[in-house]
Each structure stands twice: as structure tokens, then as C-alpha cells.
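Just so you know, the sequences run in chain order Y and X. In terms of my numbering, the first sequence opens at residue 3 and continues consecutively. In terms of my numbering, the second sequence opens at residue 42 and continues consecutively.
The set of hints was computed from the structure by calculation and includes no laboratory data. One should not assume that every hint holds.
So the derived label-pair ranges between C-beta atoms look like this [as the list claims (entries may be wrong)]:
(1) X:K43 to Y:Y213: 51 to 59 Å
(2) Y:I235 to X:K295: 34 to 42 Å
(3) Y:K96 to X:S401: 50 to 58 Å
(4) X:P281 to Y:E73: 52 to 60 Å
(5) Y:K189 to X:K440: 35 to 43 Å
(6) Y:N175 to X:L92: 37 to 45 Å
The calculated lysine to any residue pairs, modelled on SDA-like cross-linking and capped at a C-alpha distance of 20 Å, are [stated by the list, open to error]:
(7) Y:K47 to X:K273
(8) Y:K189 to X:K93
(9) X:K273 to Y:K225
(10) X:K93 to Y:I52
(11) Y:K47 to X:T108
One side only, chain Y facing chain X, incomplete, derived with CB under 8 Å [stated by the list, open to error]:
(12) R24
(13) R45
(14) A48
(15) D49
(16) M190
(17) E192
(18) L196
The beta carbon of each residue, even a glycine, is placed where N, CA and C say it ideally should be.
Next come the chains, spelled out residue by residue.
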Amino acid sequence: MNNKPWISIFGANSDIAIEVARIYASNGYNLYLLSRNVSSLQRIKADLQIRFEVNVEIYHFDATDFKKNSEIYDILPTKPIGVIIAFGVMFDQKSTQDSIKLIELTVETNFLGSITILETIAKDFEARKEGFIVGISSVAGERGRQSNYIYGSTKGAFSIYLEGLRHRLYKSNVRVITVKPGFVNTKMTENLKLPFILTASPVYVAKKIFYAVEKNKKTVYIKSIWRYIMLTIKLIPDFLFNRTSL
Amino acid sequence: MKISAWGRYPYISSEQVQLDNSSLWSEPFIVNGNLRSYGDAALSRKHLNTLKYNKFLNFDYISGLLTCDAGILLSEVIEVFLPRGFFPLVVPGTKLITIGGALACDIHGKNHHSYGCFSNSVDSFKLLLPNNQILFCNRNINTEYFHATCGGMGLTGIILEISFYLKKINSKWINQKSIKNKNLIETFDSFEYYNQIPYSVAWIDCLARKKNLGRSILMVGDFCNDGDLSFKQPKKLNVPFNFPSFILNSFSVKLFNNFYYRKFPAGVSENKVLYEDFFFPLDSIQNWNRIYGKNGFIQFQFILPKEVSFIGLESILNKISNSQLGSFLAVLKLYGKSNDNWLSFPIEGYSLALDFKMSSDLPNFIEKLTDEVIEFGGRIYLAKDALLKKEQFDISYEKGNEFREFRIKNQLHKYFSSLQSQRIGI
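Turn these sequences into a full structure, and let the hints steer you where they fit.
Structural data, given as C-alpha cells:
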């Protein structure tokens, strides 16, 4: 075990987060893993400790418990050098439209949850004048589309939030990185048929995130083709766009 | 999706099912991992893939006992533990297999004569049954399940976690002796002469005929003791596409085998080789199975009891070399005593493994060879098989029927099924 800096991963049970944890641990970083599912975190912790011989601490964390979000960061014994926001929920658009509960859960988790935790962290990083924040947003947040706009709008809002945070923390030497994965083979997309060339593996996403932090990137599309796809989608004029089934 | 195992024969459409899905038990399926068995043991209309279950769960540095998910690859175990001075007690010819697969096939390696099968290093495992009960199995608890599952080809439940021992090593290097043998008698003599050395295997030229029949290079070795445990990710070549099927013919294979045989000096030579090159020489060539072309191949592996190994091999090798059906160097190996698992392949004797490019004549030829193997009291390795007949299985695996009845008694036959289990009726 070592004295290397700590990385804190919120939503550490997601497939992408597990791979991000592995890549940081393989580079010797110690890890705080936070998630609702602590029993699953215990397995992830054991795996990381055995594979990489780093320190791993786990905490229960529910993104929608806003009051606790500010406190949870204060509990961490050594403050982390970097934070990754990897939690998020996505439900089928049609079911979400008809359910106040799902709307609330989507907005509260993806947007309010992220903001409430990040404001506390930003304050600390700003004072320390160091650190990085990675927010996993989505290409779905770039233009509202009938097939996925409730989830998309929470991610869009999150992207704008990260943009603002980046602006604010620029002077303090704190980096904020917005990550926009396209399709990724994960639990979240298990039942969707995804086109091969547009789809990344969680391992690939994790590598890109690690690289983005090292190279001081601001916004990262996991597969660069997505930058052009989304640009095209954004450029379609409304009168045509509204006739599509995108 | 279309899937096949390493032999690329047969190719079938198969739908993936998920462990956390409530409809999991609605139709029979087979559990598979990295699809490095050769034939159809891991193939079925529906399959559950374990590769995403890849967590290390516990390791005891004093005893070397490792607990992990079934989907962990042997290559991961080596990558993590070799630098710390630990190595699996049993490894097969490729490290790209899951630990679950190692258990389900009860695999063996170059040290079978000195150590035994993979199950020998297994302390216990957890098995998920169709009623969603998780069964803890070792040699004293749920003994029947233990012996049915080790070597049970995934037909007794879903293997979730395995606890098995690693051994202490003090080097990534192997002291290797290569012994050149002019014929089958010399090959056998060398095996027996060197049987105190833990690891041994012979590459045999199965196209050589008459006085050269059974000529081979026997390689024996053990880990060095020089303290060098630095791990480097091995470099890899790739076979980027299927070779056209005419490239491998009896002429080109003969040429290769000759070349390979002549590369070694006469008598005994010694050198120090990396564990990787000693245990997993073919892993350095990704997709090597493509050299057999798009129709795939059969890896034919049989074992003969020791007392008839010589005459049996002589007779079978003669048939193989006369057939000119071509195969690269085949692998001959000495085995120690059999174990208590119901479907484990090894018996005390010698086993030969060789590849045949798939062709329309091949199934018939294999059937005849298999009949002869069985007449000699031998059997075929289920992890490689795609063509064994039910009658052949019944004669050669004496606990086959016990296994079959155990499956029925515990209602396992309704949930776990592979093309192989259907073919050989277990």
C-alpha cells in the first residue's frame, strides 16, 4: 500500500466506473468508491486491492440524497486529487413520459445529484488550487430528440453546468473535463442493439478518460466520430429535424 | 449472434442470456467463457457468457489460496501473481481460458504426470443451481456435486466463484532440456527417463513414416531459481484472415515438420526459456486457428492406458501418417494417475493431440480412429471433441452413466445443455 494521491469515484458500480477505477489503480492511485450498492462495491474493492495493491475505501452514496451529498465529501479522510462523476440513470423514453416518478428520478440523479456533490468538491479544489473533475455526460445532451429527450435534457444541463464550473475554476488551476460517450456496452444498454462502429467498450472509455485528464482536455467524445454525428444532427434545420424519428 | 469455439467447427447461431434476468431458467443453455475449448462443448442455442464476472475476491499470501469469479482469465492470474512469486499449479497450452472453464473441463498441463489435473489445486467452489440456490462444494461438502462438476463440462450448474491454490515460484524462467528422439521407442524411453522432472511434453512429427515413425522433440523443464519475476506483456503476432484452404496440404506440413525437427540439435540440449514460451507458445500468434481456413479444424486428443500406449500409438500414428490428412506437429504427453472426478479425461498413460483441417472425409476418419482408441481402452478429451458418438462415450467414460443419472435426479438436464451433451446423451 502507498502514499499516492486518492481518486474519488461517485457511482463506482457502473461498468465504466469499474474500468476507470482499474486504470487509476494500475497507475498506483488510491481509491474512494461510492455507490448505493455497497455489497457490490465490496467485491470491486477486493478485486482492486488484489490486482493493484492500492488502498480502496468504500462508502454508501445515494445521489438523490442531496443533503447528505455535501457531507459525504467531508467524511473522506484524505481529500482526493481527482473526482469522477460516473452515476446516472436512463429509462426508456416512453415510460418516463408517463411517470412522474421516473422523471423525478432521472432529473434528480443525473442533474441535481451531480450538482449538489460537485459544488462541495469545487469549493475544496478551488481553495487547494489543484485537482480535476471528470463528469460523464452524454452525446444525448446535445440536441433534444423525441426518442430520448428527458434523459438527454438532464445530460445537456449537466454539460452546461460542467462548462460553467470549468470557467469558474480555470483561475484556480482546477481542470474540469466533460466526457461524452456515445454508445457503450454496459448494463445500461444491455437490451439495446448497438451499431458496432459507434459502440465503445467500458475499457476503451476508461482509457480515454485517463488520457483526457493527462492531456488536459476539456470536452471528450469517446469515439471521435460522435463529434461529427452530433454536429450534423445539430445542423439539421428544425423543419427537417421535426420530421425525423431521431 | 454466430459463435464457435476455437476449432471454428461447428459455427452456430446462439442467443446470449443474462444471469440477472428472470427468464434465465426458461430454456436450456450452456455457460461459456472465452470459447477456448475446441469443439461444441461450449455451444448451444442459448449461452450465458461469464467474461464479465471477472473479480478477484481474496488472496492469502501464506497459503497461496486465491478466490475469484469464474470469468477471470488465467492470463490475468499470471499477470497479477507472477510478479509476486506465484503461479497456477496447473496451466494448459493456452493462458486465454477462464478459471471456470479450467474447472469445468478439469484441464491438465505439462505436469499431469507429476501433479494431476486443475481440480487437484481446487479447494472449493460455489455453484448456482436452477432453483437459485447457491451450493458450496468441496471434497467433503456436496461431494457428488464436486466430482460431477470438476470435468462436468458446465452441465451441473453455473460455477460462480472458485478457490484454488497457486504455487510459489522464484523466477519467470524455465530451465529447459530438449531431447531429440529418432522414433517412437526413443520417445517413450525419454519420457520415462525424465519422468522425475515436473513439466514435460513432446512435439511429435505425425507425418514421419516407417523407421522415422514417432520421431519427436521431448521438452522437459522446471522453474529457475534466479529471483527474476519482472512481468512484461508478451508481444503478439496476428493471423489477420483465414488462410485459403489449399495452403495447408500434406506437402507444406511435411516441409514445416521437417524444418522444425531439424532445427534441434541431435541428443540433449539445454537452455533457459521464458515461462510464456514454455507453457503457451501459440498464444504469441493471435488467431492462429485461422490457418486452417474458414471450415475450421478438429483437434483430436485421445489418451491410451500405459500398458498399451506403445502399440496403440504405433498403430494409430501409422494410420494418421498414411492418411496424409496433414497436421502440424502433434503433442504427446505422459499422464499420471486418474482422479475421482466423473468425467475427467486423464488416465495413467499417454495422450496424443493433433489438428486435422475440417473436410468432408474427416468425420468418418475420426470415427474410425476413435473406435480404435476405445478398443485400446482409451478415450477422447471432451474439451476438444466435436464428433464423439454416444456409444463411444458410453464405453470409454465408465462414470458417464452415473453422471447422466445424477443430472436427471437433480433436474439439471432440463436447464444445462450443449451441442455436445445432446450428441453424447448426457
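Enumerated hints in conflict with the structure, sorted upward: When the structure is compared with the hints, numbers 1, 2, 7, 9, 12, 16, 18 turn out to be violated.
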